[in-house]
Amino acid sequence: MSKYHPTAKQKIRVLVAKPGLDGHDRGAKVVARALRDAGMEVIYTGLRQTPEMIAEAALQEDVDVIGLSVLSGAHTVLLPRIVELLRQNDMSDVLVIAGGIIPDEDVPLLKEAGVHGTFGPGTLTEDIVKFIQEHVRE
Amino acid sequence: MFDQSKLDETRQARDKWQETTLRQTTDHRPERADKFITISGEPVNRLYTPADLSDYDYMRDLGFPGEYPYARGIHATGYRGKLWTMRMFAGFGTAEETNQRFKYLLEQGQTGLSIAFDLPTLYGYDPDAPEALGEFGKCGVAVSSMADMEILLEGIPLDHITTSMTINSPAAVIWAMYIATAERRGIPKDKLGGTTQNDILKEYIAQKEYIFPPKPSMRLVVDTFEYGSQYLPKWNTISISGYHIREAGSTAAQELAFTLADGFEYIRWGIERGLDVDDFAPRLSFFFNAHNDFFEEIAKYRAARRIWAREMKETFGAKNPRSWMLRFHTQTAGVSLTAQQPENNTARVAIQALAAVLGGTQSLHTNSMDEALALPSEMAARVALRTQQIIAHESNVANTVDPLAGSYFVEAMTNHLEAQANEYFERIEKLGGVIPAIEAGFFQREIADAAYRYQHEIDTHQRTIVGVNDYVSNEPLSVPILEMDPQGYERQIVRLERVRNERDNSATQAALKRLQDAARDNANLMPPILEAVHSYATLGEVMGVFRRVFGEYREPVIV
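The listed protein sequences derive, respectively, from chains A and B.
Numbering of the first sequence is given in our numbering, commencing with residue 502 and proceeding in unit increments.
Numbering of the second sequence is given in our numbering, commencing with residue 10 and proceeding in unit increments.
Calculated directly from the structure, the hints in this document are not laboratory data.
If you're wondering where the values come from, they're calculated on a predicted model, not measured in any experiment.
Where hints are given, some of them may not hold.
To be verified - Just a few of them, taken from the derived set where beta-carbon distance is under 10 Å, the chain B residues facing chain A:
| # | residue |
| --- | --- |
| 1 | LEU56 |
| 2 | PRO59 |
| 3 | SER63 |
| 4 | GLU144 |
| 5 | GLU212 |
| 6 | HIS253 |
| 7 | ALA348 |
| 8 | GLU380 |
| 9 | VAL406 |
| 10 | LYS439 |
| 11 | LEU440 |
| 12 | ILE456 |
| 13 | GLN464 |
| 14 | PRO565 |
Said to hold, decoys possible - Computed footprint of chain B on chain A; a stretch qualifies when at least three of its residues, placed anywhere within it, have a C-beta under 8 Å from a C-beta of chain B:
| # | stretch |
| --- | --- |
| 15 | 591 to 602 |
| 16 | 606 to 614 |
Idealized CB from N, CA, C, for every residue including glycine.
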């Protein structure tokens, strides 16, 4: 069992991050608040995070979930890189989800790379909450 | 506007109507909801009558089109003389690909250019910088040096067409590349018309493409005001933008208030520099969003014109009527587009575009139906442009000036938005002005609160979004997605290397050194920037000089 395992009584810890140069932070902030309202512990990185900064923050904050928001189209490069760095940090059991402008045809590539769920425009926040609760490491 | 005895008569009649006809109706069939609100959460009454405009004064509050306070528009003939400029925001991949798209849009009847730059360009990085990883050409065209600008504008008649450039922190540098490209083609600066967005304040507030701290950023902006007023009299040196504030989640009133507050801040800085307000204010332009709430949006544009005119005349003492006129571009609301059933977006865009036209916009970009999925395909961009052409030529709404003036509802809403904006101006002033309010995270928090409220209303089905939380369909997606040149990045790097190797490098380095000295001094930076770009300094090199001299800004993290 991983040291990142949350017990039933512990709050789920989530890192919400904005990789790359994209400054669209509306979605990241709305999701961060919704997860907090759903009882999770949320850390928001702020803007302009490199994959290295995000992986480091995930390690330092000992999170169970990473939510990545990209609306610039750079997701196919940045997200696999982040998952790879998590692997190198021995954090493969962290649930990685992504939101933003992500065309359907890119979803298989991201899944393959280790992104567990993608949530595009129009997603209801309760669906993200449910996904996390169902898929966070047991 | 209304005679007092007639008003009393109307009020009595309204009360009687409420007790009789209305009551019979609601007893029989209750209304759909207990309360009706705008998209911004403002209550909307069942009915508006002259009683809602009891203090109204036609000459004071509306006046005539082309005259103070411009509530009815800045042109005496509205769109009867000239339609709005149809200006589609475009840019992706390499300069070659975007040049092709520009030519296509012009062939299809577009009347102005609007350049979208990629993120490395917007942040002043060359595409091979580590910070640019994965971002080349994704949400706009890459312009790394004047060599790219020359290709981007190849075959475009720069002395006849106006060009808008959505660029902020590096605005002065990209503008210099545009000017230099025109000069090399023998077109003098004073013939160039167009707009640089150059609105750094809303970057700190909403779009977040800032680089330097506020003060040196504002210095660069005022340098462009000063330079433009001397050498490019037809250029709009700034487009003070509410668009991004709204996209980030603000209400209509916040968009209106924060944008105008930014506008007044630029005016103060220009005056502080020693410029005569009437020398630079006529070249300040604005940029607003067109969201789904039709009447609220129309009221917002009308209120914006009236507030600007009054403040410019009364507070800032501008004497030239051109300083009083608020001229604006509109873009339909990207955030309103859905990835689900994307064809439905054409209807949303049409409604939003119609609001912009009825609100008196000077130019308009209509979003493409596929923009919640990717950058617009050629087909989607064409349909979006056609939507404007249908409004212009088939609906006949452009045949009379300001057709909604005098609507009890629209006028009451215009007044209400103006009052809300005035309240925000007071709050901002209490915080010490726009820049201290940015540093305290005031705007950012107001916007985040509004965005969260809106999402909560959708999540809890208080708002219906067709195809998203109601009328859902599981049919597969049927719009094609734009495909870009897969070798674009490699070709860009090859060109950049060639520029670095083939230029007279000692001239470039000398120009960059002079630029650095000017940045440390108080001189206007436009002449040394122009010298640097003429010598093919790259965008990353020029912005690198400023990064070293000015430092970089970090925002307070607010959720």
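How the hints compare with the structure:
1. LEU56: violated, 34 Å
2. PRO59: Violated, about 40 Å.
3. SER63: violated, 39 Å
4. GLU144: Holds, about 5 Å.
5. GLU212: Since chain A brings a Cβ to about 8 Å from GLU212 (chain B), closer than 10 Å, the hint holds.
6. HIS253: holds, 9 Å
7. ALA348: holds, 5 Å
8. GLU380: holds, 8 Å
9. VAL406: violated, 30 Å
10. LYS439: At 25 Å from the nearest chain A Cβ, LYS439 (chain B) fails the 10 Å test, so the hint is violated.
11. LEU440: violated, 21 Å
12. ILE456: holds, 8 Å
13. GLN464: Holds, about 5 Å.
14. PRO565: Holds, because the Cβ-Cβ distance from PRO565 (chain B) to chain A comes to roughly 9 Å (cut-off 10 Å).
15. 591 to 602: Our answer is that it is violated, as 1 residues pass the Cβ test (under 8 Å) against chain B, missing three.
16. 606 to 614: violated (count 1)
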